[in-house]
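There are 2 protein chains.
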Amino acid sequence: MTYEAINFGKKFGLFDEQWQPKVIAEMNDYQFKLVRLQGDFIWHDHKNTDETFIVLEGVLRIDFRDGAVQLSAGDMFVVPKGVEHKPYAEHEVKLLLIEPRGILNTGHVGGERTAENDVWI
Amino acid sequence: MTYEAINFGKKFGLFDEQWQPKVIAEMNDYQFKLVRLQGDFIWHDHKNTDETFIVLEGVLRIDFRDGAVQLSAGDMFVVPKGVEHKPYAEHEVKLLLIEPRGILNTGHVGGERTAENDVWI
Numbered sequence: 006m007t008y009e010a011i012n013f014g015k016k017f018g019l020f021d022e023q024w025q026p027k028v029i030a031e032m033n034d035y036q037f038k039l040v041r042l043q044g045d046f047i048w049h050d051h052k053n054t055d056e057t058f059i060v061l062e063g064v065l066r067i068d069f070r071d072g073a074v075q076l077s078a079g080d081m082f083v084v085p086k087g088v089e090h091k092p093y094a095e096h097e098v099k100l101l102l103i104e105p106r107g108i109l110n111t112g113h114v115g116g117e118r119t120a121e122n123d124v125w126i
Numbered sequence: 006m007t008y009e010a011i012n013f014g015k016k017f018g019l020f021d022e023q024w025q026p027k028v029i030a031e032m033n034d035y036q037f038k039l040v041r042l043q044g045d046f047i048w049h050d051h052k053n054t055d056e057t058f059i060v061l062e063g064v065l066r067i068d069f070r071d072g073a074v075q076l077s078a079g080d081m082f083v084v085p086k087g088v089e090h091k092p093y094a095e096h097e098v099k100l101l102l103i104e105p106r107g108i109l110n111t112g113h114v115g116g117e118r119t120a121e122n123d124v125w126i
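In the order they appear, the protein sequences are chains A and B.
Everything in the first sequence is counted per the working numbering, starting at 6 for the first residue and increasing by one.
Everything in the second sequence is counted per the working numbering, starting at 6 for the first residue and increasing by one.
Everything labelled a hint here was simulated from the structure, so no lab data went into it.
Any given hint might turn out to be false.
Each pair may be met inside one copy or between any two copies, as identical chains are not told apart.
[Said to hold, decoys possible] No more than 25 Å apart at the CA atoms, straight line, and that leaves these computed lysine to aspartate or glutamate pairs for DMTMM-like:
1) K16 with D50
2) K86 with E9
3) K86 with D21
4) K99 with E22
5) K15 with D68
6) K52 with E95
Given the sequences, and given the hints that come with them, work out the whole structure.
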């Protein structure tokens, strides 16, 4: 039989909304999520896990309390667990996030910016 | 301070050899590895873990006992644990692999195609 690859571009064609991660695959108890970001997020951290950002299109800045990192397409960065961070994108950026299943986008902070979790496309 | 992103292209500029995965980052107990493949590999599986393939450049075919999947740049595929597979690339393909730390490229099969593990660039 022919198995089907998961294509990032095709999956991004299925949604337009920003700040709402969509799960596209799982590896053991980890999830791969696509997300569109633009503008400023809130400060948060993930107490029990690292979080991986891979930029597929656009430019992302991740602010830390003591600095920042800028990521363009073809760049990745792993935010260590417990480290406060705040993503920012002037223009829309398309990201692949990798983190354990069940992790909320706002960490333990909660509030109105918390996206629905575990939404598959 | 300014943190540095990990750039796939820059990292690929640091090595030419094929079939020798290089670790570029860790997330918890998982590793991100870049690898250049060309030609045929051996049949193998990973008994205890899924394995993620993301194609960055070129075309990869992964054969299974009951079929195959073809991946181009911007495609990903998760090979489930315990599933025998055999990567193949007619021309050199550049991949990002994601799997737990300590996984050998040949699974439990061993032999001359087994690459040195945990080599960082």
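Hint-by-hint comparison with the structure:
Proximity of K16 and D50 under a CA criterion of 25 Å is satisfied in neither setting, with 27 Å inside one chain copy and 28 Å between copies. Within a single copy, K86 and E9 get their C-alpha atoms only as close as 33 Å, which misses the 25 Å cut-off; across copies the closest is 17 Å, which meets it. Neither within a single protomer nor between protomers do K86 and D21 lie at most 25 Å apart by alpha-carbon distance, with minima of 29 Å and 33 Å respectively. In this assembly of identical chains, the alpha carbons of K99 and E22 lie at most 25 Å apart only when taken from the same copy (11 Å versus 31 Å across copies).
For the identical chains of this complex, K15 and D68 are inter-copy neighbours only, at 23 Å across copies versus 30 Å inside a copy, given an alpha-carbon limit of 25 Å. In the homo-oligomer, the alpha carbons of K52 and E95 never lie at most 25 Å apart, since the shortest distance is 27 Å inside one protomer and 44 Å across protomers.
Checked against the numbered hints above, the structure violates hints 1, 3, 6; every other hint is satisfied.
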